[in-house]
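Visitor: Below are the chains, spelled out letter by letter.
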Amino acid sequence: MKAVFQVALGVIAAIGGFVDIGDLVFNAQAGSSVGAPALWAVPVGVLGIIVFAEMSGRIVAVSKKPNFVLVRERYSPRLSLFTLVASLVLTVLTLGAELGGLGFVLNYFFDVSVNFFILLALLAIAAAIYFLPFGGLERVFGYMGLALLVYLAATLKLDPDWGEIGSGFVPESHGAAVYWYFIVGLIAAALMPYEIYFYSSGAVEEDWDESDMAVNRANSIVGFGLGGLISVAILLASAQVLKPAGISPTSVGSVALVAQQPYAQLGLILAFIGILFAVAGATIDTAFSAAYNLAQHQGWKWGKRFRLLSEPRFTLSLAGFLLIGFAIAQTGVDPIELTEYAVIFSIPVLPLTYLPILLVGNDRNVMGKHVNGPLARVLGWGYFCLICVLAVAAPVLFVWTNGGG
Amino acid sequence: MSPDELKRSIETLESTAAEGALLAQDVAEDRSKATFVRVHSRDLGDVVVHEAEKLNDAEAGDADVGSAKTDAIDLADRIDTALGQLQVAPGSEPDGRTAEKALSGLSEDAGKLAEGL
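As they're listed, the protein sequences go chains D and U. Sequential numbering of the first sequence, starting at 1, is according to the working numbering. Sequential numbering of the second sequence, starting at 1001, is according to the working numbering.
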C-alpha cells in the first residue's frame, strides 16, 4: 500500500496534465475525427514526459533545485523573465479554463448555474489547498481521477478491432493536415509545461534526496504511464462510439456520453466523478505551478510544506492566481476552446522549459554520479529536437486546419 | 458565405443532431440521468441556435448557396425543437423514442444537404 501512495505525485501531475478539461475533449475529438491511426502520438508524448520528469526529479533529488530555479540560473535575466511571463500567462489561462470546466461539470450533476458552481469550485479548491497537506492533495485528486479508467473498461466492452488498434501504434505517412493537427496536439498535451513545473516542485515538497531515485523513476513511469493509458482509452472509446455516428464532440458532456453507451448510468456517473477530480487536479496543478514559478524566479520562500501564513508572498500569489483564474472563468469564455488555444500556444514555450533540465541533467559537476547516462542523453536531445519542430508546426497547423475543424 | 463555410456549418448541425439522437436513444432505454439529459440537450440546442444565427447573418454569394442556407436554417430550427423535447421531458421513454427518430432523420437530412454543396 505504501508503494501505491508513493507514486501519487506522478499520478496527479499526469492526470492534471493529460486529461484536463481541454484534453478530455481533444482526445475525444481525435478519436472521432482520426480514430485509431492517431494512437501512436500518445506513447510518443508519454515517453517524452517520462524522460524529462525523471530527469527533473533526479535533479531535485541531487541539487534540491526545481525547474524555475534552473531557468533563473541558466538563462540571462531577460530570457528568464520572458520565460516566466510566458509560462504565467499560459498557466493562468489554463487555470481559468479548469475552473470554468469545474463549473460546467458540477452543473451536469445539479443543473443550477454554471457561474454559481465556478464560485463553489473556487471555494472548495481554496479550502482543499488550505486544509490538506501536499500529500493529501496528491492522493485525493490524483487517485479519484483514476475513475476515468472507466473509458478503458468501455473500450474493452465495446469489442474493439485489435488489428486496427495494433496498427494505430505504428506511425503512418499521411497527407491530411487535420491528421497532423491531432498528432501534434496529442504529443503536446503530454508535454504541457505546467506538468513539469508541478512535478519538480512537488519533488522538493516531498523532500526527495539521493535515496529516492527509485521513487522518482516509479512516479514518472507509473504516473505518466497511467495518464497516457487514460488518454488512449478516451480516444479509442470515442472512435468506437462517436466516429461511426458522425459526431464531433464539442463539450465535456459529449465525452461523458461515450462512457454511458456501454455502462448506462454507472458509466455516466464514473465518468463524471473521474472528470470532476481530474479537472480539479488540473486546477491545483496550474494554481501551484504559477505560484511556484513566480516564487522560484523571485527567490521567495515557497511551498506547501511550510505553514502558508509563514510565507505571505507565496500564499498571496497562490490566492491571486486563483482569483485571476476565477475572473477569467466568470467572463463566460468557453473553457474547452481556451485550453486548446493554451495547448497549441504553449508549444513555442516548451523548448525554454525543457532546455535547462537537459543542460543540468547532462552536467556532471552538478549531478555527480547521477548525471544523465547515454540513453537519457540521446532521448533528451531527441525529444528536445522534436519539441523545437512542434514549436514551429503547431501554430501553423492550428491556423491551416481552422483548429482541427 | 462560401459553399465551404456553409458546408462546415451544416456538418455541425449534422453532428449535433446525431449526438442528440444518441442521447435520446439512452432516454428511450432509460439508460441515462435526467439532469444530465436536460443540461446536455440544452447545450446541444445552444450550439444549433448559435449556428442558425451565424447562418442567418451571413450573406449568400449565389442562388444555390442561398437556397441551401435557407434549408439549413429550417433544419436548425427543427433540430432545436427536437432537442427541446428532451430538455422538457428528460425522463420520458416515449418522448425519448420520438426525439431519437426525429433527430436521426434530421441528421441524415443535414448530411444530404452538405453533400449537395
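FYI, nobody ran anything at the bench for these hints, they're computed from the structure. Every residue, glycine too, gets a C-beta built ideally from N, C-alpha and C. Treat the hints loosely; a few may be bogus.
To be verified - For each label pair, taking beta carbons as the anchor points, the in silico distance ranges come out as:
no. : chain 1 : residue 1 : chain 2 : residue 2 : range
1   : U       : Ser-1067  : D       : Trp-162   : 26 to 34 Å
2   : U       : Gly-1061  : D       : Val-378   : 54 to 62 Å
3   : D       : Arg-305   : U       : Ala-1058  : 51 to 59 Å
4   : D       : Pro-351   : U       : Asn-1056  : 58 to 66 Å
5   : U       : Gly-1066  : D       : Trp-162   : 30 to 38 Å
6   : U       : Arg-1097  : D       : Leu-308   : 51 to 59 Å
7   : D       : Ala-128   : U       : Asp-1074  : 48 to 56 Å
8   : D       : Ser-113   : U       : Asp-1074  : 27 to 35 Å
9   : U       : Pro-1094  : D       : Val-85    : 39 to 47 Å
Stated by the list, open to error - Derived contacts from chain U toward chain D, CB cut-off under 10 Å, selection only:
no. : residue
10  : Leu-1023
11  : Val-1047
12  : Asp-1057
Visitor: Evaluate each hint against the coordinates.
Guide: Hint-by-hint comparison with the structure:
The hinted range of 26 to 34 Å is not satisfied by Ser-1067(U) and Trp-162(D), whose Cβ atoms lie roughly 47 Å apart. The beta-carbon spacing between Gly-1061(U) and Val-378(D), approximately 55 Å, falls within the hinted interval of 54 to 62 Å. Taken as a hint, the range 51 to 59 Å holds for the pair Arg-305(D) and Ala-1058(U), whose Cβ atoms sit roughly 57 Å apart. Look at Pro-351(D) against Asn-1056(U): about 45 Å separates their beta carbons, and that is not inside 58 to 66 Å.
For the pair Gly-1066(U) and Trp-162(D), the supplied restraint of 30 to 38 Å is violated, since their beta-carbon distance comes to about 49 Å. The beta-carbon spacing between Arg-1097(U) and Leu-308(D), approximately 55 Å, falls within the hinted interval of 51 to 59 Å. The hinted range of 48 to 56 Å is satisfied by Ala-128(D) and Asp-1074(U), whose Cβ atoms lie roughly 49 Å apart. Here the CB-CB span from Ser-113(D) to Asp-1074(U) is close to 32 Å, well matched to the stated 27 to 35 Å.
Separation of Pro-1094(U) from Val-85(D) is about 58 Å and departs from the stated range, judged on CB atoms against 39 to 47 Å. Hint on Leu-1023(U) holds. Least Cβ distance to chain D is approximately 6 Å, under the 10 Å limit. Look at Val-1047(U): its Cβ gets to within about 6 Å of chain D, closer than 10 Å, so that hint holds up. Hint status for Asp-1057(U): violated, given a least beta-carbon distance of 19 Å to chain D, over 10 Å.
In the structure shown, a violation is registered for the earlier hints numbered 1, 4, 5, 9 and 12, in ascending order.
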